[in-house]
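Could you put the whole structure together from the sequences, leaning on the hints where they help?
Read top to bottom, the protein sequences are chains A and B. All letters in the first sequence, in the order written, are residues 2 to 393 by the numbering used here. All letters in the second sequence, in the order written, are residues 2 to 91 by the numbering used here.
Keep in mind that the hints were calculated from the coordinates and are not lab data. Just to be clear, a hint being listed does not mean it is correct.
[Said to hold, decoys possible] Restricting the straight-line Cα-Cα distance to at most 25 Å, the calculated cross-link-like pairs of lysine-lysine (BS3-like) are:
#, chain 1, residue 1, chain 2, residue 2
1, A, Lys-21, A, Lys-86
2, B, Lys-58, A, Lys-69
3, A, Lys-67, B, Lys-53
4, A, Lys-65, B, Lys-53
5, A, Lys-19, B, Lys-53
6, B, Lys-53, A, Lys-21
7, A, Lys-260, A, Lys-326
[Said to hold, decoys possible] Residues on chain B that point at chain A, a partial pick, calculated with CB under 8 Å:
#, residue
8, Val-25
9, Ile-28
10, Leu-31
11, Gly-43
12, Ile-44
13, Glu-48
14, Ser-49
15, Cys-69
16, Cys-72
17, Ser-74
18, Ser-75
[Said to hold, decoys possible] Non-contacting residues of chain B with respect to chain A, defined by C-beta distances greater than 12 Å in every case (computed):
#, residue
19, Gly-24
20, Glu-29
21, Met-30
22, Asn-33
23, Thr-37
24, Gly-67
25, Arg-71
26, Ile-73
27, Val-78
28, Phe-83
29, Lys-86
30, Val-87
31, Phe-89
For glycine and all other residues, C-beta sits at the position ideal for the given N, C-alpha and C.
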Amino acid sequence: MLIKIIRFFRGYVDFCAKGKFPERFLNITARYGVNLWNAHPIENGLEASMYISDYRKIRIIARKAKIKPKIKAKHGFPIIAFRYKPRIGLPIGAAAGLILMIVLSNFIWSVSITGTENISEARLAEVLAENGIKTGAYKNNLDVEKIERDTTLKIGEIGWMSVNITGNIASVEIKEKAEKPELSTNTNPCNIKAKCDGVITKINAKSGTTKVLKGSGVVKGDLLVSGITETKMNTIQYVHASAEVFADVISEKKLSIPKEYEYYSLTDNSAVRTRAFFLWTEFPCSLSFKSFEYSAYSEKKENLFCNNVVLPLGMKTETAFEIVKNKITLDKNKAQKAFENSLLLYEAFEKGKSQTVNRKMSIKDAKDEFICETDYVFNENIAESVDFSVTE
Amino acid sequence: MQKNKNRDYQKDGYNSVGMNIGGVPMIEMLGNRRITLEGSTGILLYESENIKVNTNKMVVSFCGRGLCVRCISSSCVEIEGFVTKVEFLT
Chain A
2 MLIKIIRFFR GYVDFCAKGK FPERFLNITA RYGVNLWNAH PIENGLEASM
52 YISDYRKIRI IARKAKIKPK IKAKHGFPII AFRYKPRIGL PIGAAAGLIL
102 MIVLSNFIWS VSITGTENIS EARLAEVLAE NGIKTGAYKN NLDVEKIERD
152 TTLKIGEIGW MSVNITGNIA SVEIKEKAEK PELSTNTNPC NIKAKCDGVI
202 TKINAKSGTT KVLKGSGVVK GDLLVSGITE TKMNTIQYVH ASAEVFADVI
252 SEKKLSIPKE YEYYSLTDNS AVRTRAFFLW TEFPCSLSFK SFEYSAYSEK
302 KENLFCNNVV LPLGMKTETA FEIVKNKITL DKNKAQKAFE NSLLLYEAFE
352 KGKSQTVNRK MSIKDAKDEF ICETDYVFNE NIAESVDFSV TE
Chain B
2 MQKNKNRDYQ KDGYNSVGMN IGGVPMIEML GNRRITLEGS TGILLYESEN
52 IKVNTNKMVV SFCGRGLCVR CISSSCVEIE GFVTKVEFLT
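Printed below as a string of structure tokens:
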């Protein structure tokens with residue numbers, strides 16, 4: 002096998018040597034130390050194989066010995082190289098391709114992130130890019146352990162992470178931290194008091210002695226459930242009172258909105274620009290001469306896939322949406338609608354745990370603004386734990 | 002003393018068993034399929050049925066079928082084929 006490889010790279014010829022005494026040819030080759038193989042006698046001559054360099058050397062001497070060597074076939078790399086000499090671009094292209102392949106294999110082509118549930122992938126990608134894991138990064142200089150450590154420190158929600166660089170793909174696998182459950186460890190004796198005025202509608206007492214009844218009116222600070230209980234032995238026991246006390250609570254909400262105001266809104270006008278990217282370089286692919294005074298941008302990146310492998314080339318589409326300044330003048334009806342929307346948001350987010358029993362809205366027309374005063378009745382938990390100290 | 006005697010034998014063309022081998026070809030046969038001949042001075046006849054190899058003191062003739070020279074150098078010839086007869090022509 003090795004001999005075949007050597008013969009291929011040196012190049013050899015199959016030839017026939019004809020003459021009256023073909024054995025003289027064998028003697029000549031032996032005298033000149035020429036390597037000869039596959040020598041078969043034929044009529045008035047012989048057939049054999051020989052290295053090209055040896056054949057050139059032996060040809061003239063053989064003719065002097067009245068033997069005519071004639072090439073039957075040429076084999077080996079020098080022959081192929083000579084055959085493709087006019088197509089010089091072919092080997093250059095092959096060499097350039099090989100070099101390109103070697104060079105590109107030293108860079109990260111794509112970054113895949115798995116295991117995110119609550120952590121934003123964009124934020125994680127940004128932190129990874131700061132630490133060196135990004136498309137087009139030179140992968141041989143990366144200290145993976147340091148990157149894992151720094152990223153975990155920067156994003157506190159990460160419990161465990163692993164960066165695996167396989168070939169040209171950086172796979173980032175993370176496991177988020179499990180949130181600690183809130184455990185009530187407070188067992189100090191305490192009372193339950195009202196945190197605001199209201200009329201009791203429901204009492205769910207788990208421990209302690211209930212001091213109010215359903216329908217009772219209470220003011221802020223009234224004792225609702227006592228942490229002092231009496232035992233069967235007529236002695237006093239101090240407990241950590243726990244209860245939910247629901248009451249109808251009256252509250253007020255005041256909102257105002259100017260009669261004239263300005264705001265920015267998106268229009269239907271947009272400008273799309275596409276760019277092709279390869280690793281860290283980008284080339285514009287479309288022309289767009291539209292420009293806006295105020296605009297918002299969105300960017301979409303699409304990578305090329307080949308056999309489920311993300312390639313470091315693709316298209317980026319950037320869309321600019323026009324933003325215009327609008328001036329609004331409100332009348333009372335429009336203001337009422339705006340107030341209703343604001344109140345719905347207030348009920349949903351600020352009073353999410355309360356149930357709205359009644360709402361009365363009154364809108365007043367002031368000089369430059371509309372004022373909305375709303376009287377609410379919410380049904381909510383008014384229980385508040387208040388510790389007390391026991392001195393014996 | 003014995004060592005010195007052996008050295009003298011080698012100088013005069015004697016081998017280790019004391020035979021004079023000066024100018025005589027050494028023929029090694031692998032069955033009747035392959036023959037290695039050392040001490041060749043040239044090939045006199047090259048045919049598929051008969052190959053004659055010249056040596057210093059004699060001509061060695063190999064007869065057979067499909068005979069060919071597998072390898073040749075200035076003093077060594079390797080012949081391959083089906084050898085039926087070996088003749089020594091002096």
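Against the earlier hints, flag every one the structure doesn't satisfy and list their numbers going up.
1, 2, 8, 9, 10, 24, 25, 26, 27
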